[in-house]
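Given the coordinates of chain B, work out where chains L and X should sit on it, guided by the hints.
Protein chains in written order, with numbering that gives the first Met the number 0: chain B, 0 to 284; chain L, 0 to 599; chain X, 0 to 385.
Quick caveat, the hints were computed from the structure, so don't treat them as lab data.
Quick list of simulated restraints, FRET-style, between CB atoms:
#1 B:143 to X:149: 52 to 58 Å
#2 L:378 to X:74: 52 to 58 Å
#3 L:159 to X:305: 52 to 58 Å
#4 B:72 to L:153: 40 to 46 Å
#5 B:143 to L:303: 24 to 30 Å
#6 L:307 to B:126: 39 to 45 Å
#7 L:274 to B:169: 42 to 48 Å
Even glycine gets a Cβ: it sits at the ideal position worked out from N, Cα and C.
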Amino acid sequence: MSDVLLRVEKLERHFDGLKAVDGISFTVAAGEVVSIIGPNGSGKTTTLNLVTGTIRPNGGTISLSGERIERADSARIAEHGIARTFQNGRVFATLSVADNIEVGLHSTLRATRPLRGLSTFFLLRWIPLLAELFIAIVGTPASRRESRHIDSVVATEISRFQERLGPRRDEPAYSLSYANRRRTEIARALALNPRLLVLDEPTAGMNQSETAEVLEQLLELKAEGQAMLLVEHKLDLVMTVSDRVIVMDGGRIIAEGTPEQVRHDPSVIEAYIGRRRTAGGRGQA
Amino acid sequence: MLDTLIAGLLRGNVYALGAVGISLVFGVMNVVNFAQFSFFGLGAMLAWFFITTLGLPFWIALPLVLAICAGLGLIINISVVRPLAKYLPLAAMLSTYAVSQILDNVSQIAFGAQFHAFPQVLPTANLHIGTMRFGTSDLVMLGSTAVVMVVMSLFLKYGKIGRAIRATSQDQEAALQMGIPVGLVQHVSFVIASALGGLAGVFIALYVGVANPASGLNIGLTAFVAATLGGLGSLVGAVIGGFVLGILEAFGIHFFGDTSRQIIIFVILIVVLIVRPGGLLGKIPLISTEPLTGTFLGKGRPLRIPRWVWPVAFVVLGVAIPLSGNDYVLTTGTQVLIYAIIAAGFTVTAGQAGVLALGQAGPIAIGAYVSAMLTLYLHFSFWAALPLAGLAAAIVASVLASPIWGVKGHYISIATLGLGIAIVAIIQLVVPQGIYNIPVPEWFGTALNTPTAYYLIDFGVLVITLLVMWRIRRSHLGKVISSVGSDEVAALASGVRGRNYKALAFSISAFFAGIGGSLLAHQYTYIDTTIFTMLMSLLVVTIVIMGGVGLPYGAVVGAIILIGAMEALRFTPELRIIVYGLVLILVVRFRPGGILVRNS
Amino acid sequence: MNSFIRNVAVAATATVAIVSLAACASGSAPTSSDSAAKSTVYFGVSAAETGPYAQYGQQFKEAFDLAVEQTNAKGGINGHPVALKYEDSQSDPKQSVAVAQKFVQDSSISLVFGDYSSAASIPASPIYTAGKLVQYGFNNSNPDFTAKGSEYQWSTSVTTNASYQWTADYVKKQGVKSVGVTYLDTADWGIPAYNAFKAEAAKVGLKITDAEGVLDTSDDYRPSLSNAVAGKPQAFVHIGYGPDAAKIVTQLRAIGYKGTFYGGQDEQSFDGTADAEGAINGAEFLETNPAKEVQTFVKAFKKKYPNEKDVTGFEAGAYDALNVAVAAAKIGGTTRAGILKGFTKVKNVPSVVYGSITFDQSTRRPASPALTPTILKNGSWVAYTK
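Bound conformation, chain B alone:
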């Protein structure tokens, strides 16, 4: 196995006594695509939320390239290079497609956000904020160069979904179709140039042809060497794109292995596939 990118150990999270995630451990290697599957309520989305800092764990560790991140908030984790999408596609409704993607670039910017290292410190955080404000109003040569860079990254990410998003570049996100919102969200996540891309049911609510399109995109990303952690209900897609599959039930990992191994694991068949819902089901963590 190549270098471990993400290492999760004994991760725990409970809600009102209910153990949503109950001491799970797994890894994602650089360039690897790992999927988490499992029945509704098995803890998949909670796991993603924990890895991306959207909620905090009650116990266990998470490290990215050896650096512990389980106490970091999701903004810090984004800065560490983990980008994510959400179950129902959370885009910035009032912003255009291009502006949504530009926000994804936020944590990679330098000249537009001088002294950004101070932005987590009490009081001192006002220094980078005011610097950002100054640059927004007046601008510096470096910030102007960077804004050209922003434009080019946005153009690149849109071109990834050219047929779909290209003509809607300046449309506000709320006016997009559901599938286009999901595409915008993925483009926004990719703009962060993430070391690990975390996708929560990228095809939920999509029809067959749209799903096939997403699969193609994911395979393309995989070919580019993009490491991904994926929660997905559509097993065909999971089996096609994943290097490894993790099966969860009741907050625990009940099986793990290549798609081929998992497909034939009797406990998986019993726990998951036996009572699997049809595609497009609404998974809840």
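Chains L and X only, in chain B's frame:
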């Protein structure tokens, strides 16, 4: 000590009864209902009218009052609130404000503006514990609160509609899918809340001893804070919040005096919201699941403004009006321009960061006082004091607001409302007297105190404000702030620290509010704290919503309409505010995203 | 449907815009010349007709209208009939400055009454001064209205300082040694009034056991009142208006305090409050004053407004104000400059408040105003002698 405790309990009882109705409507409609405040005053005045003027006995008057309030509530909900609540809670809230203006003024035309001694239909001081007297009326009120609570909770638990109300307040979408008649549920809740408002108004008047049509506002505001304290949407929370607030307030006043009442109330509120962001019994979901809710920002696309409009508007506002307008037009114009400056600066907070701050009067007051004192006592020139006033407003408001940025949703609006009132109350404590003879602007020894000069100064500042706001909107920073307003969770996942950007947006708005305050101070040449009221804060909010909440130039249009309309309606003095309210409702009804925003 | 909605919205917007323009146009229109003989003399009134202070605006209007009627019946100002132009300011400075500007440029206006509150009157003062138009703040008891104003600001109201100095002296003269005090914590009125009271009390040796600032917008004063009477003062003084005094006296009795209540105001909510019975206050105007002018005024007022049960200082002040303005115009002439000149000369104008009014030219207030001690008995104020 015991006296104070009892005083607090009596007081808390009033708040509790008032808070239940507010919480009920909020729970099922997600709308902050300002009209509820009017029902307090209206209930009191109707009861006064039936008992004193018509000579009806109390026990006949009371059901009549409840029936009238309930009926009015239904009409208001059908015609105004519900059609808007579906689309945009913000617009619905604004329209409830307009409704409350109309109700207050109709009531004023009907009953006169005077305070009236409220008939003592029940003894108010026939019992005592220690030296603290209270009356049958207090016990009846306490009993009413208890009965209302028991009946409401039985109704909510076992009644068919009651259960539907609970389901709706938990998850409106899901309730709709389950086939619950959400519309009916909302009507029933609104009717109950309005009747409760009337009931509370009667008891409040009995307790206080006097009433006038506008007397509901202050107690309504406090009851609203109580509902927030308990957790909006939770009825038990509303009652607990009422009593907690009543008792803490009584002790606070005992130790710090009545003058610090408002500071005490809002310090309690802000502390509770920081410790428990959803109020005492309210629940804030860990991650809001609906990306498009939880934000005040609606859908709707700004109208495309043809390029030629900008130079034309510049020439009309900046050249044609100052050259041709008479002094009356120009003086009205200065007010329009100053509010346009304040409101344009406010769009970054309300429209982009999605924080509907309801306390802009606070930073406006800071700017006015700082500017007045710098020029008057330290002999700064107006031109130096103007930006310093903005800076001071930004700094002070940001420091005071710094604890509240973790608070979410509607609660942050209420926290800022409290902040605004508390800032003005603090200024009142520090500088109790008004400030006179504030120097007028000068230019190399020439006093610029003609209406034309004021107008041109304000116009220049407005142009700069719009340019700055335009730069910010177009920048990366502007997009980042908008992302926070759209979806804070997703913004965080993109590495955007929402709290920081909300704080920055608020300080930018406070800066321009301070500038506006400075301009006001130097034109009035006199300021005291009665100028910086909650109505001023609401006017700023109304202006930005009117023009399109995220559009700085929309604020100019909003200011022209709302301030200009008040002047334009002078031909009908009695109906002025009523017509104003109706115009507001019509605009909000048919253009809920703002005048310059196309519906979608 | 959608296009219908859009049309309505556009129509509504357009209406607002047109109305705004129309208002601007009408604002600029009246620049007529009216030096012609027996033309009407116009006085402006800037007051609240709507909003929280509408109560007082209504009271003023009734008295003004009565006084105008009587003046015109007696031949007006040297034959010129008098008329009033009302503008609603809501006693809001944002609007009172616009109203001031409107009056200043309406050349037919030769004097303006108002506004009601200092916060609305004082910001308008520079505009009236610049327009050389007398601003007659007949109701402005804040001494700074005239003291910090220019030669164009005049008032016939007793200043708060004067009336609360009088109160401190009077309470002391009644043999009271200690008082608990509540005062309205307002910059323009309550605080200066309390300071004047405190200074005078210190001078005459009246002990203030405790003073609590209160807000007229509060409804529950019990916590403050228990503090205020904790030192067992012999009597209680409230520095404020009628509605707040009504609440305070009710709650003061509710917490078991029995000493005399000095304060309140001749105003219907206070007059109608059961616990207010026996309250003592220094009055500028007394409805039951047997003086002939007063009784004639009260009778005329009640005849014109049969629904009004009481005639208070607000109506009396407005009534006097119009008569003073008319007297000044008779002396100096009906122009703006003439009226200002009239104010500097006018003497011994019959008054229902003071008997007669002569200005102290240095303060632009009535010279040596006297207050009458009054007591509330059976819901009406009567002269109190003890």
